[in-house]
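Asker: Make the full structure from the sequences, and use the hints.
Just so you know, the sequences run in chain order F and R. Mapping the first sequence onto the numbering used here, position 109 (from 1) lands on 109, and the numbers just tick up by one. Mapping the second sequence onto the numbering used here, position 13 (from 1) lands on 13, and the numbers just tick up by one.
One copy or two, either will do: identical chains are not told apart, so a pair holds if it fits within one copy or between any two.
Within a straight-line C-alpha distance of at most 25 Å, the following computed SDA-like cross-link-like pairs (lysine to any residue) qualify:
1) Lys-332 / Glu-81
2) Lys-362 / Asn-313
3) Lys-298 / His-376
4) Lys-332 / Arg-46
5) Lys-342 / Leu-111
6) Lys-298 / Ala-373
7) Lys-342 / Glu-81
Rather than coming from a laboratory, the hints here were simulated on the basis of the structure.
There are 2 protein chains.
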Amino acid sequence: MTITSPQGFRAAGVTAGLKASGKPDVALVVNDGPSDVAAAVFTTNRCKANPVLWSEQVMQGNKAKAVVLNSGGANCYTGPEGFQNTHASAELVADKLGIGAIDVVVCSTGLIGEQLQADKLMAGITDAAAGLSTAGGPAAAEAIMTTDTRSKEALREGGGWSIGGMAKGAGMLAPALATMLVVVTTDAQVDADTADRALRAATRVTFDRLDSDGCMSTNDTVLLMCSGASGVTPDEAEFTARLTELCHDLAQQLLGDAEGADHDIAIEVVNAATEDDAVEVGRAIARSNLFKTAVFGKDPNWGRILASVGTTNAAFEPGALDVAFNGVWICKDGQPGEPRDKVDLTERAVSVIVDLKAGEEKATIWTNDLTHAYVHENSAYST
Amino acid sequence: MTITSPQGFRAAGVTAGLKASGKPDVALVVNDGPSDVAAAVFTTNRCKANPVLWSEQVMQGNKAKAVVLNSGGANCYTGPEGFQNTHASAELVADKLGIGAIDVVVCSTGLIGEQLQADKLMAGITDAAAGLSTAGGPAAAEAIMTTDTRSKEALREGGGWSIGGMAKGAGMLAPALATMLVVVTTDAQVDADTADRALRAATRVTFDRLDSDGCMSTNDTVLLMCSGASGVTPDEAEFTARLTELCHDLAQQLLGDAEGADHDIAIEVVNAATEDDAVEVGRAIARSNLFKTAVFGKDPNWGRILASVGTTNAAFEPGALDVAFNGVWICKDGQPGEPRDKVDLTERAVSVIVDLKAGEEKATIWTNDLTHAYVHENSAYST
Numbered sequence: 001m002t003i004t005s006p007q008g009f010r011a012a013g014v015t016a017g018l019k020a021s022g023k024p025d026v027a028l029v030v031n032d033g034p035s036d037v038a039a040a041v042f043t044t045n046r047c048k049a050n051p052v053l054w055s056e057q058v059m060q061g062n063k064a065k066a067v068v069l070n071s072g073g074a075n076c077y078t079g080p081e082g083f084q085n086t087h088a089s090a091e092l093v094a095d096k097l098g099i100g101a102i103d104v105v106v107c108s109t110g111l112i113g114e115q116l117q118a119d120k121l122m123a124g125i126t127d128a129a130a131g132l133s134t135a136g137g138p139a140a141a142e143a144i145m146t147t148d149t150r151s152k153e154a155l156r157e158g159g160g161w162s163i164g165g166m167a168k169g170a171g172m173l174a175p176a177l178a179t180m181l182v183v184v185t186t187d188a189q190v191d192a193d194t195a196d197r198a199l200r201a202a203t204r205v206t207f208d209r210l211d212s213d214g215c216m217s218t219n220d221t222v223l224l225m226c227s228g229a230s231g232v233t234p235d236e237a238e239f240t241a242r243l244t245e246l247c248h249d250l251a252q253q254l255l256g257d258a259e260g261a262d263h264d265i266a267i268e269v270v271n272a273a274t275e276d277d278a279v280e281v282g283r284a285i286a287r288s289n290l291f292k293t294a295v296f297g298k299d300p301n302w303g304r305i306l307a308s309v310g311t312t313n314a315a316f317e318p319g320a321l322d323v324a325f326n327g328v329w330i331c332k333d334g335q336p337g338e339p340r341d342k343v344d345l346t347e348r349a350v351s352v353i354v355d356l357k358a359g360e361e362k363a364t365i366w367t368n369d370l371t372h373a374y375v376h377e378n379s380a381y382s383t
Numbered sequence: 001m002t003i004t005s006p007q008g009f010r011a012a013g014v015t016a017g018l019k020a021s022g023k024p025d026v027a028l029v030v031n032d033g034p035s036d037v038a039a040a041v042f043t044t045n046r047c048k049a050n051p052v053l054w055s056e057q058v059m060q061g062n063k064a065k066a067v068v069l070n071s072g073g074a075n076c077y078t079g080p081e082g083f084q085n086t087h088a089s090a091e092l093v094a095d096k097l098g099i100g101a102i103d104v105v106v107c108s109t110g111l112i113g114e115q116l117q118a119d120k121l122m123a124g125i126t127d128a129a130a131g132l133s134t135a136g137g138p139a140a141a142e143a144i145m146t147t148d149t150r151s152k153e154a155l156r157e158g159g160g161w162s163i164g165g166m167a168k169g170a171g172m173l174a175p176a177l178a179t180m181l182v183v184v185t186t187d188a189q190v191d192a193d194t195a196d197r198a199l200r201a202a203t204r205v206t207f208d209r210l211d212s213d214g215c216m217s218t219n220d221t222v223l224l225m226c227s228g229a230s231g232v233t234p235d236e237a238e239f240t241a242r243l244t245e246l247c248h249d250l251a252q253q254l255l256g257d258a259e260g261a262d263h264d265i266a267i268e269v270v271n272a273a274t275e276d277d278a279v280e281v282g283r284a285i286a287r288s289n290l291f292k293t294a295v296f297g298k299d300p301n302w303g304r305i306l307a308s309v310g311t312t313n314a315a316f317e318p319g320a321l322d323v324a325f326n327g328v329w330i331c332k333d334g335q336p337g338e339p340r341d342k343v344d345l346t347e348r349a350v351s352v353i354v355d356l357k358a359g360e361e362k363a364t365i366w367t368n369d370l371t372h373a374y375v376h377e378n379s380a381y382s383t
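Answerer: Below is the structure:
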């Protein structure tokens, strides 16, 4: 269950010395075809890292033959020298593989505002190219970790084809400067338009709804590479469904490993007038530090939820709102409902349901609690 | 330097027993006139507390003869019974003072989702009415405290008139469920339109730009009462200037006492295309948990600032941004500038300047760092 499980892919993960810890920090994933169709979504942050600026150019052609990823440095806000390092990475990969640099996506993660050590990076890329194998997926997944405590991989099977994935980070396809990088591989035969539609559909309801700490990264990238090596062209709806399942699986792994978190919180907003309303309400709650600290304190503080709902433009009547924690409706019609001591928040998984009573749409946003460990990890990260 | 310093006002603060701590929890402020002109601004949260719903009705007439405030319970999300308690408070004050209930503003602060103990509250109001005096300002300021570690008062003098103020809370005229309540008194002769314009002008650049933790309260109220007892009608510009100074003073006292904060951070955004752009950028930075934890860790992490700027719609070029911490320009043109070890963040006061190089407008947003103590205080608050 890794990115080299689908046919047509080789990968490697090596130690280049970019990380002070001496752990693996350069990964390479190659699509040996026959197809080189690819799709990608990038951070919407306007201050983008150099690898994102480069990779957006690569993806103009809707194809990619390789992706090189490094941890130990985000190569962000590093100016022309930083862009040159990204470009040189792609050039070196292209040279080793006999392809064009414009076919090579580049991803970086780590501290921002510092130059990568170019000599170590280039040596690492050379090593990775020499070490490529169809068993290299797990090593690649390990090499992209930063503050992750474990590598994240997933696999879904179709009829004669499969989709593999790896991910790092603790955030959403926007949030968390603990950048999220995701590489998904498939041996299904998929054309460029289908790949793009399927990837956007899958990320919209998975990574896009993961909002660990509301902070948007400069480096987030989700890349889908399609080798076509299975020779099977799947039904688009089925392909999208399996891809969405895989992205959900990876997103939940990211949530479960979020920096310093004690709780994984699923905020389900139901009976909204529109899906956008449901997402807006869920995201407002997910970004309330007072709500998040309350969950850390095992306090089912529904008042802080209503206060967050009240900051949105969604359709609802304040006196009609219901809120449940772990299935106990402790707020009914904007007032105290069942006794709050019936709610047990000792488990890591927490369910919050907010009933807007304004329509029939719904959405789920996933977030984490705000803990002492979050403060510790993020106040000490660069020192 | 208190709300009873201007002529025409009496106040009291008493212990009604609403707080488990046994500290003072009911305050009453009376305007003896001759004028009863008043102005107010309330939270923009759509889920408003009962006292806000009531007081918005009172202020339709642009006048108020008294304000009764309680700590020990926000009377929010308490339904019709809660509204009845608010109404009964106003009725009792009116009865004791021989005025109409519709002339009585009501403010509450404390936990939300719980009914006030009406019998204790009513007994407290009776005591407060009996104890009104022209020396009662400091007692009133003390009785509205919740998690505040000290009471907040201020005074500004005009030519023959003055403005007094008291405040409680740790947040902004929006943020912080640690509700912000502010009562301002003046003996200047001011008409209703002038009072309203002056109060909105003053709060717009003071309380509105205090963003301690990005959470909008359900109870926030800023009330200005004008007795006219000095007999002096000030120039509107001068009155607005003194009122703005007073509000700034109180806002800085709130910032300095914010829950669990180690640092007070002034984020000044300069050379913006519009003032709105400057406010949007400042607020985005103030709401970044990663920036706020970095300051707690004494880390001048300008990368997290640029990442926040990148989430806004303000006019700027990513490669042109400059950032200074305490006067040291450690980011120039979107790249590393002066050495970061020249920045010393050991003092409580922190200055951040972001130069957008897109125009000539500017704005300052004040916030706090995100600390272990914040997490502790807000995870344990209701338990």
